[in-house]
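J.: Here is how the chains run, residue by residue.
2 protein chains.
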Amino acid sequence: MPKWENNVRKVVPYTPGEQPKIKNLIKLNTNENPYPPSPGVLAALRSLDADGLRRYPDPAASDLINAIASHCGVSCDRVFAGVGSDDVLAMSFLTFFASGREILFPDITYSFYDVWADLFRIPYEAQKLDGNFEIVNRDYYKENGGIIFPNPNAPTGVLKSLDSIRDLLEHNRDVVVIVDEAYIDFAQDAEEVEKGKHQVPPSSALNLIDEYENLLVVQTCSKSRSLAGMRIGYAVGSKKLIAYLNDAKYSFNSYTMNQAAIAAGCAAFEDEGWFRQCTSKIIRTRERVKKELSGLGFHFPDSSANFLFITHPSIPARELFARLRQEKILVRYFDRPRIDNYLRVTIGTDEEMDTMLTFLREGVDLT
Amino acid sequence: MPKWENNVRKVVPYTPGEQPKIKNLIKLNTNENPYPPSPGVLAALRSLDADGLRRYPDPAASDLINAIASHCGVSCDRVFAGVGSDDVLAMSFLTFFASGREILFPDITYSFYDVWADLFRIPYEAQKLDGNFEIVNRDYYKENGGIIFPNPNAPTGVLKSLDSIRDLLEHNRDVVVIVDEAYIDFAQDAEEVEKGKHQVPPSSALNLIDEYENLLVVQTCSKSRSLAGMRIGYAVGSKKLIAYLNDAKYSFNSYTMNQAAIAAGCAAFEDEGWFRQCTSKIIRTRERVKKELSGLGFHFPDSSANFLFITHPSIPARELFARLRQEKILVRYFDRPRIDNYLRVTIGTDEEMDTMLTFLREGVDLT
Numbered sequence: 001m002p003k004w005e006n007n008v009r010k011v012v013p014y015t016p017g018e019q020p021k022i023k024n025l026i027k028l029n030t031n032e033n034p035y036p037p038s039p040g041v042l043a044a045l046r047s048l049d050a051d052g053l054r055r056y057p058d059p060a061a062s063d064l065i066n067a068i069a070s071h072c073g074v075s076c077d078r079v080f081a082g083v084g085s086d087d088v089l090a091m092s093f094l095t096f097f098a099s100g101r102e103i104l105f106p107d108i109t110y111s112f113y114d115v116w117a118d119l120f121r122i123p124y125e126a127q128k129l130d131g132n133f134e135i136v137n138r139d140y141y142k143e144n145g146g147i148i149f150p151n152p153n154a155p156t157g158v159l160k161s162l163d164s165i166r167d168l169l170e171h172n173r174d175v176v177v178i179v180d181e182a183y184i185d186f187a188q189d190a191e192e193v194e195k196g197k198h199q200v201p202p203s204s205a206l207n208l209i210d211e212y213e214n215l216l217v218v219q220t221c222s223k224s225r226s227l228a229g230m231r232i233g234y235a236v237g238s239k240k241l242i243a244y245l246n247d248a249k250y251s252f253n254s255y256t257m258n259q260a261a262i263a264a265g266c267a268a269f270e271d272e273g274w275f276r277q278c279t280s281k282i283i284r285t286r287e288r289v290k291k292e293l294s295g296l297g298f299h300f301p302d303s304s305a306n307f308l309f310i311t312h313p314s315i316p317a318r319e320l321f322a323r324l325r326q327e328k329i330l331v332r333y334f335d336r337p338r339i340d341n342y343l344r345v346t347i348g349t350d351e352e353m354d355t356m357l358t359f360l361r362e363g364v365d366l367t
Numbered sequence: 001m002p003k004w005e006n007n008v009r010k011v012v013p014y015t016p017g018e019q020p021k022i023k024n025l026i027k028l029n030t031n032e033n034p035y036p037p038s039p040g041v042l043a044a045l046r047s048l049d050a051d052g053l054r055r056y057p058d059p060a061a062s063d064l065i066n067a068i069a070s071h072c073g074v075s076c077d078r079v080f081a082g083v084g085s086d087d088v089l090a091m092s093f094l095t096f097f098a099s100g101r102e103i104l105f106p107d108i109t110y111s112f113y114d115v116w117a118d119l120f121r122i123p124y125e126a127q128k129l130d131g132n133f134e135i136v137n138r139d140y141y142k143e144n145g146g147i148i149f150p151n152p153n154a155p156t157g158v159l160k161s162l163d164s165i166r167d168l169l170e171h172n173r174d175v176v177v178i179v180d181e182a183y184i185d186f187a188q189d190a191e192e193v194e195k196g197k198h199q200v201p202p203s204s205a206l207n208l209i210d211e212y213e214n215l216l217v218v219q220t221c222s223k224s225r226s227l228a229g230m231r232i233g234y235a236v237g238s239k240k241l242i243a244y245l246n247d248a249k250y251s252f253n254s255y256t257m258n259q260a261a262i263a264a265g266c267a268a269f270e271d272e273g274w275f276r277q278c279t280s281k282i283i284r285t286r287e288r289v290k291k292e293l294s295g296l297g298f299h300f301p302d303s304s305a306n307f308l309f310i311t312h313p314s315i316p317a318r319e320l321f322a323r324l325r326q327e328k329i330l331v332r333y334f335d336r337p338r339i340d341n342y343l344r345v346t347i348g349t350d351e352e353m354d355t356m357l358t359f360l361r362e363g364v365d366l367t
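Chains as they are written, first to last, in our numbering: chain U, 1 to 367; chain F, 1 to 367.
If we strip away everything but chain U, and leave its shape as in the complex, we get (with noise of 0.2 Å):
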């Protein structure tokens, strides 16, 4: 080895989820929203023109931070946004996890945390979640350097209740504390988003921000806004953590949005119709998927997310994993501890679902 590599930082690599160039397959495997985004999005990026192209975008951000605060009901110096949540993500372990004591999260929960927290030699100590795969509160009331956990949890789909997330807080008022709302807005009633009774879901953190200063709350339009390929992520809370923020984002990358993620992004919020259109129909689709499931002996966490944790008696995972992709269906496995014997399975469309459901039926022994 050569010595210019000894002042190498090295890290794990991290192998990205599978993206295969397989016609016609259903892909069922990254939690993507089976519906495209709002017409208006389209029809943003077709409006966006050579002048805007060649000159730096708002660094701000403005029309995409205001379309934002006003979705949820804050003001602009409340809202950060970046280059999808996994940006926002890592930006806040940098800016807040900085007290050398070790942050908690979850044993079984997002994958990213604990190799952001290497990168940035952040200390921290997974919680083991109980049998339901449920946070345990008492064991994030010792001392630590931050808390971090998704809300509803990835792989598992699981929910934690505002009252819940408000106990937590209420034992770490010294630490800043990320609730990770990548899949929030599946969290609620169809028929309530359907007509648009929240404006911001019932079970979300951002109900709590008022209250708490410590308390940050990271969502995206990678899920429910069907926007995965733009890149857009926001963090929303008290203005001293966005200023914080900020501060540290200006002095990384002052300009991380671009024209076209910032012009994408405030279509997306402009248009409320389609949002709750789309998202009542997955959460539509989850509860017959659910039931359908649980009539095959399917055994899963209630999932309040647009994807289902799924195990199976007669089959183990890794096997079925390889019979759903030979019938070009793409699920995800996790070859974890505690997991090994579970399947995600993303939400897609009804179609898509019924055709999984048809090859669960027909196609697997599972008694």
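Just so you know, the hints here were simulated from the structure itself, not pulled from any lab data.
Worth double-checking, as some hints may not be accurate.
Identical chains share a label here; the pair holds if one copy fits it or two copies do between them.
Unchecked claim - Only pairs whose alpha carbons sit at most 16 Å apart, straight line, appear in this in silico EDC-like list of lysine to aspartate or glutamate:
(1) Lys197 x Glu292
(2) Lys10 x Asp247
(3) Lys142 x Glu272
(4) Lys240 x Asp210
Starting from the structure of chain U, add chain F where the hints point.
T.: Just chain F now, kept in the frame of chain U:
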């Protein structure tokens, strides 16, 4: 201050360059290209489809990597892409400057280097440019943790010769050397650019990457490709360097380049004719403006970039900055030691430059 704020990383906030919304402004302050990107870029953005937007982008951005690799005449595993060269550079600091020893860069240079070093806690020692704003090679012969400099340098526009870069590399085989070539396409003869004589600019350190495994060259689509608004930067180097960068990037945020950026970047590299035409025009304008400014008594280092770094014995730079701003001509003033009597003036269209020259000739007392 509540206790949670003790855990927060404090950085000196950086204020990004002015992007004022003044009508009919002649904007010569951020080194943007005065000409629009290739029409193919808009066409590519118009042809983005809804299905692509709802899906995650290719994490490897293969189409864009292919386009860049083909342009630079290297294999794909020698190219890394990111959200503007700021993202690529920050990721390179994090990845390659991990020795704990001081890295070296010029005292007058791109203003983000020390900010990233501070952010990642990389020690550094700025090396003084000589009286002609030239890098003094022997200052870089000592033991160090890595080297970075822009070529042409910013904000001076001064080009370092390939022989001189080779000398630096010969004295620094044990660390990573990064040449930041945001402006290298302008460091050419206008006629040669127009005729497409060189695939790679003769002064580019790209001509040395086969010889030095520890050499990383960073370029961008923000200047010569007129795509500042789309945030596309890239690095080219040995397979090993690129593999290390990818490992770091994938551990941070797998999906950094959105669908629109990938499509826009590909289209920009496909249209070499457009690139040659705009770039040669800017170089010709720059050479003409040099003569005119010299005639008016201005002094400046001989710039090889799309900007000039000018000073005048009769009027303080700060005053001239204010006078130009009154005329709706915005240039860049840096209130820093050694350069606080200079203005950085981006090369705009011939018309824009003529407006400025007319004002300098008629509106300011330069005697």
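J.: So, for every hint listed, does it hold in this structure?
T.: Quick rundown of the hints versus the structure:
| no. | hint | result |
| --- | --- | --- |
| 1 | Lys197 x Glu292 | neither (28 Å within a copy, 66 Å between copies) |
| 2 | Lys10 x Asp247 | between (27 Å within a copy, 8 Å between copies) |
| 3 | Lys142 x Glu272 | neither (41 Å within a copy, 61 Å between copies) |
| 4 | Lys240 x Asp210 | within (12 Å within a copy, 49 Å between copies) |
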